[in-house]
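**Q** Given next are the chains, with one letter for each unit.
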Amino acid sequence: MDLLFYLIKKNEVDIYDIPISEVTEQYLAYLDLLKGMNVLIASEFLVMAATLMFIKSRMLLPILEEEDQDEVVEDPRAPLVQQLLEYQQFKEIALSLEARATAEENIFSRWIPLELLDQESYEEHEEYDLFLLFKYFSKLISESGEDPFEVARIQVNVEDMREELLQMLKHCSRFYFHEFVIKRTFQELIAIFLALLELIKRRRVRVIQPTTFGPIEVMNRT
Amino acid sequence: MSVEQSVMDKDILERTMAALEAVLVVAPEPVTLKEFSAALDFVARREIEEAVERLKDRYEKGRGGFVLREIAGGYQFATKPEYAGYVRRLFEDRKNRRLSRAAFETLAVVAYKQPTTRGEIEAIRGVNVSGTLQNLLEKDLVRVSGRKDGPGRPLMYGTTDAFLKVFGLASLDDLPREEEFS
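Sequence order for the protein chains is A and B.
Be aware that the first sequence starts at 1, since it is given in the working numbering, and climbs by one per residue.
Be aware that the second sequence starts at 223, since it is given in the working numbering, and climbs by one per residue.
No lab work stands behind these hints, which were simulated from the structure alone.
Worth double-checking, as some hints may not be accurate.
[To be verified] As a list, the in silico DSS-like pairs of lysine-lysine whose alpha-carbon atoms are at most 27 Å apart:
| hint | chain 1 | residue 1 | chain 2 | residue 2 |
| --- | --- | --- | --- | --- |
| 1 | B | K335 | B | K302 |
| 2 | A | K35 | A | K56 |
| 3 | A | K9 | B | K335 |
| 4 | B | K278 | B | K232 |
| 5 | A | K10 | A | K56 |
| 6 | B | K361 | A | K91 |
| 7 | A | K91 | B | K335 |
| 8 | A | K91 | B | K278 |
If we strip away everything but chain A, and leave its shape as in the complex, we get (with noise of 0.2 Å):
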């Protein structure tokens, strides 16, 4: 829209009568121009070439004339004119927005800047080092009412799972995956799935159920 705004303004013409097809070869002209300069050609420009080009080939089919049709034809230009006019009227708005924008600069007034509350707000939590954030961590807990509880940190792992499975077929060729978990912690229930799932893959064991909804046999593969 810029560039299409611009072209018009470069050669003076009338926004309501655009030479659509001087505009579009001189539009095309740029793209091609950008495009040789490795520029980046954003869709919009495509989008408007595209315009461009079927008002083109609007203007060129003859408009059938009928003698009882008092309407008039549009101008397959009106609604790009229109769009244009209104990006006109805001690119002016814009400006005296920014000329007020320059205007205030000359005035100071008690409020704050967004920036300086910024970085007041920084400053303050660097005074809040590690020690001072554990006390109102610990007063947030005593407060709640919660007692606190430690969490055990439970070392499970695929492998782990993997060997004590391979151990397990090592002693009887096959064994029933429900009694494999009893007692199981829901950790090592997820790490000996995807043992088991990682055994099937690597071709080392076989997974059978023999009857419909009945127990799930391991054995080995081989």
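Chain A is already provided as a structure; the job is to place chain B on it using the hints.
**A** Quick look at chain B alone, frame taken from chain A:
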């Protein structure tokens, strides 16, 4: 209006104006008439309005370095432009809000079409404005004001109080009328 025509006793009027001044000199933000009323609850609203107007007039005519100004729905002391140079020497970085041309154009559309959607802004400007809009949101000049009923329920944008302050506007009605631009 002259002091002689005032509905208030001259002494009371002077005291009211002094109280307003006291509030104003401390306030970090523009003070609204409502806030004045809350602070001076023994004075009628109409009288407060009169006192504010007189105060404004007094500073305007006075030879001091600042005036009382109506901005963003409230009143605030602001320096006279001719003394900007001196202020800037001490508080150089206070105004650091230079916007790009794209930002001004986008802001212009938001200001006059609000509440408006990204799609509507893009239809006018003919380019993608998501980056510019994000920038304006971060600068607190534009805010999300709701969602539009319709397909996709797009976000609607409007201007903020900070916008009014940056452009020195008492309210949105203070914007020059759209028709004034050809």
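**Q** Checked against the structure, which of the hints given earlier come out wrong?
**A** 1, 8
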